[in-house]
Every structure is written in structure tokens, then in C-alpha cells.
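Number of protein chains: 2
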Amino acid sequence: MEAALSGIRVIDLTRVLSGPFCTMLLADLGADVIKIEGPEGDPTRGIGTIREGLSWYFAAFNRNKRSVVLDLRREADKAILARMIEKADVLVENFRPGVLEALGFPFARLEALNPRLVVCSINGFGDAGPYRDRPAFDFIAQAMSGFMATNGEEGGPPVRAAAPISDLAAGLYAAFGILAALRARERSGRGQRVEATMLGAMLSLFGYLAPEFFATGKPPPRTGNDHPILAPYGLFRTADREIAVAPANEAIVRRLFAALGLERLLADPRYATNAERVKRREELRAAIEAVLVREPAEAWIARLNAAGVPCAPVLGLPEAFADPQARALGMVVDVPHPGHGAVRMTGFPVRLSATPWALRRPAPELGEHTEEVLAEFGVERPRDPR
Amino acid sequence: MEAALSGIRVIDLTRVLSGPFCTMLLADLGADVIKIEGPEGDPTRGIGTIREGLSWYFAAFNRNKRSVVLDLRREADKAILARMIEKADVLVENFRPGVLEALGFPFARLEALNPRLVVCSINGFGDAGPYRDRPAFDFIAQAMSGFMATNGEEGGPPVRAAAPISDLAAGLYAAFGILAALRARERSGRGQRVEATMLGAMLSLFGYLAPEFFATGKPPPRTGNDHPILAPYGLFRTADREIAVAPANEAIVRRLFAALGLERLLADPRYATNAERVKRREELRAAIEAVLVREPAEAWIARLNAAGVPCAPVLGLPEAFADPQARALGMVVDVPHPGHGAVRMTGFPVRLSATPWALRRPAPELGEHTEEVLAEFGVERPRDPR
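Protein chains in written order, with my numbering: chain A, 1 to 386; chain B, 1 to 386.
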């Protein structure tokens, strides 16, 4: 079967992370993503560790794309972009609001060039509102969304997640929005604007924390690895390393206590109910760890999971990516990059049984496909007048 | 224009969070999501703060859906589900692997009932691999993915994010995968299986941390709010509260120093380059804070942003959701629930200009639409033989 998104042509004006992640998701499922770069290239070509002349950061987020160099300060190259837009399905950009317009491509013109075009913008704060023109950055979205205020240890400061999750969540929402707009186009025949923001993405990721805040007016406290309203729950010591134990309901707590030989706790009024256990979290932890320290983590992880109790080690990146389950999910791939060796990168996190993602080409050299793509679009490049 | 996903019928067998979030995203864009609940209902109906008889947690993640009660332990109700599947476009489930099969609906049967059906599974570890049958939970996916190992203060323990981001990311990936599979169906005429996992989702969200680890073999250290390879960067004190300052490149650092009247630092070899500044992070912080403490955060936030330096306060949930930018993005909505008052909840983080998301109906009462939906599907329910 053809790739899920084959036949969809994407003009990709994005740089660095949120936009390239969005278009990588589309490219991995078969969209023809044409990365338009200035003569200097996407900045990530020079960011992070360079091995055999290649940034592994750039390689990871630009696989399956083709690269075309256009200098959008030049009128001739703007004209080429306009011709390409006429024949594209999607245009994605992550400039600050107003930049695409300043380049001569306001939405009204894009729509006039191609009424079927889906135009997706990814940015920090959106195209309206008081902070529209502020520079954004992952850290800023984490700080302003409330995410940091909920993340961290009890009694400690608010902490930003090291992973730039607001970039990635905004990029993923954008990819979802683009597919929804393409589906709308199947029926209406017309494109539209799609916008995803780092701030909006982070605000949407609170799960039950948001409704609890709205219902009670009380913001969630930082509780580190403990759960604000469940006990036992958290990290527990064993003979060697800590394990995460997450009994989400009473039935699982009973299984946990049975597996530990601590059934007597359920007969003790001090530990019989979750409400009482939350009050005695530390005493309960001590009673549980007194059993857990008798054997190593691996034994407990096997035993508790077999008993139906969610339990896991806390893995660093080396262990996490080496883990047999991560490998079974295809989350580590080695991509041959001719001239640069093989590049290890993260796989694709969604499985489609009939139209799976595929590595069709490595991340492109700067401008590698300029001639090929312009020929496909039937655009001739004038000789450089400079 | 019609809603983006109007005409798409989704049979929703999911419970609690990852699945309901996925189907909420589809429902918000106009899909007809039919939530199948057992006689006891989705557990979230009884979780979290109940106001005027309604769980605000349930209300937030089940808006725009209809509820049909089927007892899948009964053959008669299984037969009804089979009839509904024949006429659906999508089926979504977040049982543990094997449960849907045990209920009598292995994929081969689903495909036989309806070759056009897209069947989406959301679970912790996926349908293969050594941990397939382990119980999963957000905390477990955060621990095993390496996310926790990167999250936390320098010198402190690994910390789980309080927001259940692995549930939400898996749900969002699933929604993206479903739309991709529906697009594939436009061309092939056939449905397929889609799978998103909490573990895979978390492994995909490292941004540059993953390629840096793969390229160097060195796992990223926990650095709290400091950046491992940039300085200045982080939280800084002002006259009243801390601000997040994120100058991502040298040009922005120069703007920051200019705005603070600290241009002299760039002439000082101890601070002229990022590499030197990272070595003197604390001295640099002291020099910057000596200026910042002269005025309150609000003044600095306005001034630094005007100078092009990403800068923000660290907001708690009350401030974050009350912020004018969050409101401009429509990220707070009040939904009238007849009989239960108005329920405040998070908005929808993607804007589609021509086919925007809409609140068409509040979260359903248990079984509210059983008769209506069964009639639409042309299924008659036998009288209850019990």
C-alpha cells in the first residue's frame, strides 16, 4: 500500500525544532516535505555535536525531507516560492507572527495563489493577544503555562523540564491540525489557516490538574514523585536501586500489600484507607521499604508487575533507549548518511499496520534537491544576477 | 463550512485519560464520538472533585461526545457493538493488550465486520515486546522513558512531572495517527490498525537531548532551570519575583546585556563567550541580579521582551489560566451543563480558521444517548432478559 500521506506536498519554511518536528511527522508517513532553506541553512545544521560533518540534531529532525535553497530576500526567489505554492498542499512556517507577511506572503496572497493550500503557523503565543510579538522559547512557554509551577520537588523551586516539550507538543498539535484541515478540504475543496502555539500546547497538557484547579480554585502543589492524593505512590528503595510504584486504585494497593506480605496493614485502621495512608505517607514508605530492601529492584519489578502492580525502574537515557521494550517499539533507528556514517536517532512513535512510517531518505544536504524540485514544479531558476 | 471531521463516526471504548483525550480531540473538530460505557460508567465519572453531581475531570475530557451504555459481558450487547462497528469509521480502545480480543473482537473480526474501519489502540507498552502485559501508568512511562532522569534540580533526584504527560502525548499521537489512517483510506478504501504507546510517546519528546546523547554517548545531566550549555539562562531574581530569561544565542545575549546596562561584560574576557560564561554561571547570575533587583518583574518583562529577549514570569495555574494571552487563545471555556451548572475547562489548542473547534454538547450523562444512537445505527435492543 502507498504511504499514508503520499501525494501530499508540503512547503516547509520552518527552522530549528517545533516546525521541523511537525514536518518530520508528516514526512515519516510519506508526505513530500520540501524544506526551503536560506543560503545559510537551518541553524540546527550548526547546533549540537557534529560527527563526520553532520549535526546529529539536524539529522534527527529532518529525515525524509528534501532541501531547496531559496534566498527570500531576493525577488527572483520569492517568485519561485510563489510558483511552488501554487502547486503545494500545505505550507508550514514557524516564524514570529508577521514575518511571512513581511516577506510578501500574507495569507490573502497565499489563498489567492492557491485556494486549496493549508497554511500552518507554529509559534509561541499565537497571531493575536497582548504577547503576539514577544519572542518565545520553550523555557518561556513552560514558565508562563503553569507547567513549571507544578513540576518539582515538595518544598523546592518550580522546575522546567529539560526536554523542550512545548516545542514538540506544539509541533505535534500542528501536524494533527494539518491533517484535520486536509480532511476538511476533501469536502470543501478549500484550504485554511492552522495555528498551534507553544503556550496553548502546554496549557492543554495538565490532565486532571486543570479540572481539579478549576473545580476547587486551589492550584496543585509541587509534590515531586509523591502523588498529591494517593499513598503509597512514588519512588521506593530496594536492595540496589529505587523503583517507581504506582498503585492507582484500592484494588492495586491490595495486590501490592499482598505481594509484599503486608496484608496486615489493611487491617490496621491507620492504613486501611487511602485518606489515612496519605496522612502517614512516610511511615508507610518505611514499612514498604523494609520489605523491598531485602531484594534487588529487578526481582521486585518482575514480581510486582506479575501481580498487576505498575512498577518500573527509573532509567537514564542510555538504559531507556537500550531497553528491549523501546527496541521492540522501534524507537531507536540507525540511519545511513552517505559521507557521514550512520546516525542513530529516535524512531516514530505511532504504528500504522498497513502504511507504517519508513525511512525513505536521510536528512538532506543544504540545497541537495534544489534543481530536482524546481524541475518537478516546472520552475526555471534565472541565472544568478549577482 | 462543515466541521473538519464531520461525518466521521468514532466508536469510543476508552476510559480515564489517554483514550478519552484522543477522542476529545476528534470530537472537538466535529467527529461523531460515541462513548461506549459499561453500566458502571467511565471511572472518571467518580474521580476528582464533584460539583453539583458532576466530576469536572470527566466533564473536561468527554465534551462533545455521546454516551451509550452497553454491557460487554452480555452477548446481546456484544452483538449490538458488532452491528455498530459495521457502520463506524474508527474504533478507539485503551484496554491492556488482549482485552478487546478476549471480549470477542480480535482485529481479524473487526476487519471482517468492516474492512474500512480504522482501529486505534492506546496503551502503555504496545502490543509486542517483553512488557506487553505489564500494567502501565503515567508515572511508569515517565520513569522508564528516561524523562524523569532528565527532569529535576542539579544534584537532586529524578522527578516525575505532575502533569500526566505520557497519557496526553500518547492520546495526541493516536489522534494524529487516526487522521493519517483515514487519509490512507481515502486512497486505498481500507482501514488499518493504529497504535500509540505512552512509552513511545515519551521517548519521542526529548528534542535535542536524544541526538546529543546518541552522538556523544553522554546522558544529559539534570540541571534544573539552568541550561546545560548556555549561560546566562534560567530564573533570576528581581525586586519582587523571579523571572525566566532565555537568551538562546549570542545576538540575544548582547541585547540582554544592553538592556541591563551590562555591555562591559562582553568586553571582559571572563564573560565574552558562552563557553567562558558557562564556567562562571553563578558570578554572572550575581551581576545580572544586581541590576534586576532594582525594579519589579513586570517592568523587566516588558523591557526585555521589547528588546527581543525571551522573558517571562513563572506563573501558577491561577495566573496562567487568567493571563490575557491564555484568554486570547481561547484556552479557558465555561461550558453550561444543564442540571450541573457551568463547568470551566481547558480550551482547544489548535486553531483552524475555516473549521474551528466548537462546543456542540457538554459531556454526556451515562447512557444519555443509548436509544438515540441505537436508532441511528438501526439496531434494536432486545428487552433485558435479566
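Be aware that a few hints might be false.
Treat identical chains as interchangeable: a pair holds within one or across any two.
For lysine to any residue, the following SDA-like pairs were computed, each having C-alpha atoms within a straight-line distance of at most 25 angstroms [what the hints assert, rightly or not]:
(1) Lys78 x Met1
(2) Lys279 x Pro338
(3) Lys218 x Ala358
(4) Lys87 x Arg187
(5) Lys279 x Pro336
(6) Lys78 x Val278
(7) Lys87 x His337
(8) Lys87 x Ser188
(9) Lys279 x Gly38
(10) Lys218 x Val335
(11) Lys87 x Ala342
(12) Lys218 x Gly316
(13) Lys78 x Glu154
(14) Lys218 x Gly347
I should point out that these hints are in silico values taken from the structure, not numbers from a laboratory.
Going down the list of hints, with the structure as the test:
1. Neither within a single protomer nor between protomers do lysine 78 and methionine 1 lie at most 25 angstroms apart by alpha-carbon distance, with minima of 37 angstroms and 32 angstroms respectively.
2. Taking identical chains as interchangeable, the C-alpha atoms of lysine 279 and proline 338 are never at most 25 angstroms apart, the minima being 60 angstroms within one chain and 37 angstroms between chains.
3. Within a single copy, lysine 218 and alanine 358 get their C-alpha atoms no closer than 46 angstroms, and across copies no closer than 28 angstroms, so neither meets the 25 angstroms cut-off.
4. Taking the shortest alpha-carbon separations for lysine 87 and arginine 187, both the intra-copy value of 19 angstroms and the inter-copy value of 20 angstroms come in at or below 25 angstroms.
5. Taking the shortest Cα distances, lysine 279 and proline 336 never come within 25 angstroms of each other, neither inside one copy (55 angstroms) nor across copies (36 angstroms).
6. Proximity of lysine 78 to valine 278 under the C-alpha cut-off of 25 angstroms is found in neither arrangement, the shortest distances being 63 angstroms within a copy and 40 angstroms between copies.
7. With identical chains, the CA atoms of lysine 87 and histidine 337 are never at most 25 angstroms apart, being 30 angstroms at best within one copy and 46 angstroms at best between copies.
8. Within a single copy, lysine 87 and serine 188 get their C-alpha atoms as close as 18 angstroms, and across copies as close as 23 angstroms, so both meet the 25 angstroms cut-off.
9. Proximity of lysine 279 and glycine 38 under a CA criterion of 25 angstroms is satisfied in neither setting, with 60 angstroms inside one chain copy and 34 angstroms between copies.
10. In this assembly of identical chains, the alpha carbons of lysine 218 and valine 335 lie at most 25 angstroms apart only when taken from different copies (20 angstroms versus 48 angstroms within one copy).
11. In this assembly of identical chains, the alpha carbons of lysine 87 and alanine 342 never lie at most 25 angstroms apart, being 34 angstroms within a copy and 47 angstroms across copies at closest.
12. With identical chains, the CA atoms of lysine 218 and glycine 316 are at most 25 angstroms apart between copies only, with a shortest distance of 10 angstroms across copies and 34 angstroms within one.
13. In the homo-oligomer, the alpha carbons of lysine 78 and glutamate 154 never lie at most 25 angstroms apart, since the shortest distance is 54 angstroms inside one protomer and 47 angstroms across protomers.
14. Taking the closest pair of Cα atoms, lysine 218 and glycine 347 come within 25 angstroms of each other only across two copies (19 angstroms); inside a single copy the shortest separation is 39 angstroms, beyond that limit.
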